Every structure is written in structure tokens, then in C-alpha cells.
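Asks: Go by the hints and put chain B onto chain Y.
2 protein chains.
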Amino acid sequence: MPETYHIVPREKHDALVTKAYLARGYAPEEAAAGARFCSSASYYGIRTHNGIKALHLDELFGSKVGRWKPGAEIEKLPSRFAAAEIWNGRFKLGQAVAYEAMDTCMKLADKFGVGIVSVDNATHYLWGGGYVMEAALKGYIAYTNCTSATSEVVPFGGRTPTMGTNPHSWAFPTQDAIGFPIVIDWATSTVAMGRVQQLKREGRPLAPGWAVDAEGNPTTDPNKAAALLPFGAHKGYGLGLIDELYAAYIGGGLPQIRGTALGDPKEKRASIFFFQVIHPDAVNGNGFANNRTQTQNVKAVIADILGHGNEKCLLPGQPEANSGALSKKYGGLLFTKAEIEEFNHLAAECGQTAWNPAEFKTAEV
Amino acid sequence: MPETYHIVPREKHDALVTKAYLARGYAPEEAAAGARFCSSASYYGIRTHNGIKALHLDELFGSKVGRWKPGAEIEKLPSRFAAAEIWNGRFKLGQAVAYEAMDTCMKLADKFGVGIVSVDNATHYLWGGGYVMEAALKGYIAYTNCTSATSEVVPFGGRTPTMGTNPHSWAFPTQDAIGFPIVIDWATSTVAMGRVQQLKREGRPLAPGWAVDAEGNPTTDPNKAAALLPFGAHKGYGLGLIDELYAAYIGGGLPQIRGTALGDPKEKRASIFFFQVIHPDAVNGNGFANNRTQTQNVKAVIADILGHGNEKCLLPGQPEANSGALSKKYGGLLFTKAEIEEFNHLAAECGQTAWNPAEFKTAEV
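Chains Y and B are the protein sequences, given in the same order.
Throughout the first sequence, residue numbering follows the working numbering, covering 818 to 1182 in sequence.
Throughout the second sequence, residue numbering follows the working numbering, covering 818 to 1182 in sequence.
No lab work stands behind these hints: they were computed from the structure.
Errors might be hidden in some of the hints.
[Claimed, not checked] The list that follows gives simulated cross-link-like pairs (lysine to any residue, SDA-like), each with its CA atoms no further than 20 angstroms apart:
(1) K893(B) with Q1111(Y)
(2) K928(Y) with P895(B)
(3) K870(B) with L839(B)
(4) K1083(Y) with T1112(B)
(5) K893(Y) with K928(Y)
[Unchecked claim] Stretch by stretch, here's where chain B covers chain Y in the computed footprint (C-beta under 8 angstroms, at least three residues):
(6) 1081-1088
(7) 1102-1110
(8) 1156-1169
Computed from a predicted structure; not experimentally measured.
Every residue gets a Cβ at the ideal spot worked out from N, C-alpha and C, and that includes glycine.
Isolated chain Y (complex conformation):
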């Protein structure tokens, strides 16, 4: 059933989000990065990580509770390694740090073929797919992982959530081959806790394999669900563990108390970011079949995977590309009436005029 969306011009959205960040004390460049990011998330249909969510997270974990530090400057630590930078994020706004880290990785990859940036004392960067997608659109193979704000996932076979939903995001610059970058981007839990809470509100059962109760037994009762399970059993557990290990090597503290005020006050509570970019020329063996170029080869391989009866399969990144095409077609960002109302709460908070849904064109999608 089609839903009605209000088409908000990007400039109007960005002006409000910028104002909202400024009102919370963030520096102009942070507010600009915040708006740029939220705008991009909405453009590509990432409704779970739009401006509303970004500023809500800032309330829960950020400037409103004194944990994130508006206006902080990144400290670039000394490194004896030319292709690797290590930063102290100092709780600067996550989107600003992530954009700068990805830019640095691309410069390192231009020079060395591969570049990495590790960020200690990081906050939340919302949708990792956004950063790697932008790098891919600039022609790079990009990757990021981070530890989540809090720990909601049990290790495989466990009962207490001592790991984050710890996402991984990869992107490949396939736009010249197939029209959009392939973006593989997901949390390592089976679902998000938000989905469990939604089903709880609606009185509906969880799917098997999503959650455990307080004793670590599998449950489909949303009222008993105490923690999430990793997707794919031991394999997803291993993937979630990778983020915890990167964090442990970089500077992260005990995962069970991350994002909380519990335990030893001298322990750290920050998330950690890791970024990596590879220049596609740095892996190009130049020996493609039938004299194909690298791009033609990528196109041929993808066509082969989605051929032979697999034509209906989606590629990761296709839904984002479809949403982006819609945003482009309608010339703005698509929001529901309920989302417009949420933005108006933000407008009220920072003394801006509320949006009148009637002022926007609409689209039935």
C-alpha cells in the first residue's frame, strides 16, 4: 500500500539540522557534517538513521548528557607508520570525525594503495554505509567498523550481553559497471533492539533466533527478551567480536559497561571507529579475460552472478540506490507526516519556525 511522503527540499532540511546541532553547542563544521550526513541518510532511504535519530542519539548519549564534546578538536597521534593514522577523537561529533577519517584514508590510499585510520574516544557515526558509499562514489574500495554505543548482544552460547550490535560496512566503486556502488552494511546482531521493542509494543512474537531471556535461553516472547543473538550463530559472533577486538587494540574499554555509568569510574565508555580504504588500482592485476578493463570485468562478474536464473536477486546497495533515485526524481528528501512532526520538535527546541506539511509537495510511494 503506497504511503504519502512530503518532499522536503534538501536545503531546508540541512538548515534545520544544522541549527539543531548549533543550538546544542556544536561547532559550525560539526553541524555542517551532521547535516550533510543526515541529509545523505534520508536521500538514500535510511530512515532508521536520519536527522531525527541523529539528534535523538545526541540526547541519549551525547551532548545532552555531557558525554560527547561539541567543538572538540581531533588529536592526531604520532605514528611511525606512513599508511596508518591514529586519532584521539575526543568525543567530537561522530559524523565530522568519520568524514574526515574517510578523506584521510582516501589520501593515504592514493599514495600507498591502502590507508587506515583508527579513532579512540569516538562517539556514534550512525550509518557506516554512508561513509563507505561516499568513498566508493569517489572510486575507492572502502570499509569501516565500530563498536556500538551499548552492549546488547550475547556471545554465541552465552546469556549476558557483553558485545555491541557492532556493524561492518563495505563498499565497492561499482557505479560505472552497474550504475550504483555495492554497499554491504549491517549489524552483527540478528535484528536491532528497536525491532524487538516495536514487536513488544504491538504484542507480537519475535522470530526464532533473535533473542535470549535473562538465563540465555532462546525466546520468542518480546517481554522476556533480555538480549539479542548474533546473526548466523558462531559466524556472526565472530564478526561482532572483530569490532570488539579492533576496539580493544585501539583503546576501547570493557564492552559490558560501554555507554553506561556502571562499574569502575576509571574505565572508558567510548565507542571506537576503524576506517580503511583501498585504491582499486592497487589490486589491479591487469590480466582480465577477453581484454576487459577492470570496470568491464567487474560488470561481467556481477552480470554472471545475477544471471542464469538469478535475475531477481538484489545486490546490496540496490535498495539505497532505488531510494536515491526517488529522492532525485522528486527533487527532495521524502518524509512521512510523523517524521515532519518529529522535525518540528527539533525546530521548537532551537527556536526555528515549524514546517507546515502543507507547504511541501507530496508523493505516493
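Replies: Frame of chain Y; chain B shown alone:
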């Protein structure tokens, strides 16, 4: 129920495997790398990728069918990138190429913080976990992926196998923190095709989610199973796709005909390897809580994850470490009687004296 294992001295095993590779025309350094690898796989309990399997794969895909090229020399292609090498593997024995690539990555990581090696025209490296584990034991964070010899996996929602079981292997140098390196190493299919064939022989059903029939419908009937499913639905599909994409950028051909003689004779059939190493100092933010060192921090984080009621959870790499401890305890490699017989087929092939099971000590494990 305990099983009886024969304890074969490592030297005796390595001498036979070396001879078997030499008899098939491989150069001494290839045969040595092959033996070193198979020895390591058996030491760590990787019974699916021991010397018997390695030489069997050489029969199916390798020197016996003229595809792998004993004695080939790696061609190191020109690269303008200091931290990235690109090699033409020229179908040299996979274990020799993989060891050398990992050594090169470590040297690059020593200098640049991170190093990558991409290998076109690669063969089969058997157990990716072995290479990353060795690098981790030397103190590095290591990663590898490769495309499988053939394509047995359908894309998520598809019906024709156009992707390999495409494994990923990560290892972290956690031995000083917890006694062994964490090794996360698995295929991106739910199970191996060998497991499906085993259940078919035994007349037992498959588990749901493992396989599809020729029309792409899920099936638990091993007689109808035509292809494997990725683990974890779209997430595992994305992970399998990553290997295909690396391969496509490096030099791999059409996945559906990889490892076959089908289709356009000018298409390539080779697998592709990708290797990466990060020096742990290159991600070290030196800001650990409670004045912990990096190693102490890694130890504290792992203890936290496996604490709080999660004490019975296994870490990836623990089973391999347990097997290694057994091999060490018994002073040799543990093989069943059936495995000894398989080795004796190899001995006969290369004119060596058969092993007499009675000459070995035994262990009930």
C-alpha cells in the same frame, strides 16, 4: 566416545607429503611449503584440510589435470603503491604463494602499518585460517579472502550457484593475552557441499536453510539439493559477494564457470587470493583505561566478553588451540587408521614405504 589416533611424528609426515608433491613435479620449495602447511593443519586439528585433502585437490583441480603449474615462478607486477603488491600467481602451488604473500604483507605492515597483496591466477590455499594464525602468532592482525575453486552457492533469493563458498579468515595476536590467537575462519555458505554429500550417503535429511533444489526452492532432501545457501541470508550473501568483488577487481573471471571447462575458452577459471596485515602498533591509541598496556587491554576486554555468566562460551580459535595442545602433548600429528590408509595410497603413488599403523604410538582422544 573416544577415538583411537595414531601419533605420526611430524618429520615422518612432512617427508611423505614433500615426496608426494615432488613426485607430481612441484619444486622443492613448493613441496616444502605444501608439507609445512599440511602439517600445520593436522597439528591444529583441521582434518578437512590436511595432507590427504591437499593432494586430492591437486588431483581434481591441480597438476593432475594440468591446471596448476608445478615450479611456476610468481610474477610481481609493477605497482605505484608502496604498501600494496600485485602478483600474478601463475598457478604456482597455493600454499607456497600464500606463505610468501603473508610474509610480504608483514614486511609492508612493519613499514607502513598496513600492507596488502593481491594474487591473480591463484590456485587453492586450503585453510585460510592457517596463514592468518601464523601471522597472528608473529604478532600481527591478519586477514585473507579468496574465491573458491568452483561455484556452489546461490545468491540470496536465487536458484543457480554463481558464487563460491568464498571463505574469510581473520586472526588477532591475542596469544599473550589469552594463550592463543583468536582465529575467525569460515566459508560463507551455511555448510560445505561435502557435508551435504555425506548426509546423502547416509540417507539423512539436511537442516533447513542449507540448500536449494534446481528451481531455487529450499529443500532438506539431500537428493534434491542442487546448490548451497549463504549463511545468515542477505548478510552471508554480502560476505560471499565481497570475495567475488575483490576477485573481479584483481583479475578473476566469470564465477559460474570458475574451476570448470565450460563456456568461452578465453575466459579465466582461476581463483584469486587477497591478503592483508596490520601492525598492532599502527592502531594503538595508547590511551587504555587504568593504565593498561595494549595487551592487557585486549585481555581485559576478552575477559569482560566471556564474563558475567558467559564463561562457557568459546572463542574462535579455541578449538584449534585445543587441538594444537593435544598434538604437543602427544608429540606428533594425530591421525585415524582410515587416514593412515589414505596416506599409504600417497606413499604408494610416490614409491615410498607404507606406514604401518603398529609402528606409531596411539592416543584415545
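Asks: Can you confirm whether chain B covers the region 1102-1110 of chain Y, using C-beta to C-beta distances below 8 angstroms and requiring at least three such residues?
Replies: Check passed, 6 qualifying residues.
Asks: Can you confirm whether the C-alpha distance between K893(Y) and K928(Y) stays at or below 20 angstroms?
Replies: At roughly 19 angstroms apart (the allowed maximum being 20 angstroms), K928(Y) and K893(Y) satisfy the hint.
Asks: Is the straight-line distance between the alpha-carbon of K870(B) and that of L839(B) 20 angstroms or less?
Replies: holds, 16 angstroms
Asks: How does the coverage statement for the region 1081-1088 of chain Y fare against chain B, requiring three or more residues with Cβ below 8 angstroms from a Cβ of that chain?
Replies: holds (count 4)
Asks: Given the hint that K1083(Y) pairs with T1112(B), test it: the Cα-Cα distance must not exceed 20 angstroms.
Replies: Distance ~18 angstroms between K1083(Y) and T1112(B) Cα, so the pair holds.
Asks: Apply the coverage criterion to the region 1156-1169 of chain Y and chain B: a residue qualifies when its Cβ sits closer than 8 angstroms to a Cβ of the chain, and three qualifying residues are needed.
Replies: Result for this restraint: violated, n = 0.
Asks: Given the hinted pair K928(Y) and P895(B), is their alpha-carbon gap at most 20 angstroms?
Replies: holds, 15 angstroms
Asks: For a C-alpha distance cap of 20 angstroms, please report whether K893(B) and Q1111(Y) respect it.
Replies: holds, 18 angstroms
The structure is inconsistent with hint 8 alone, although it conforms to all the rest.
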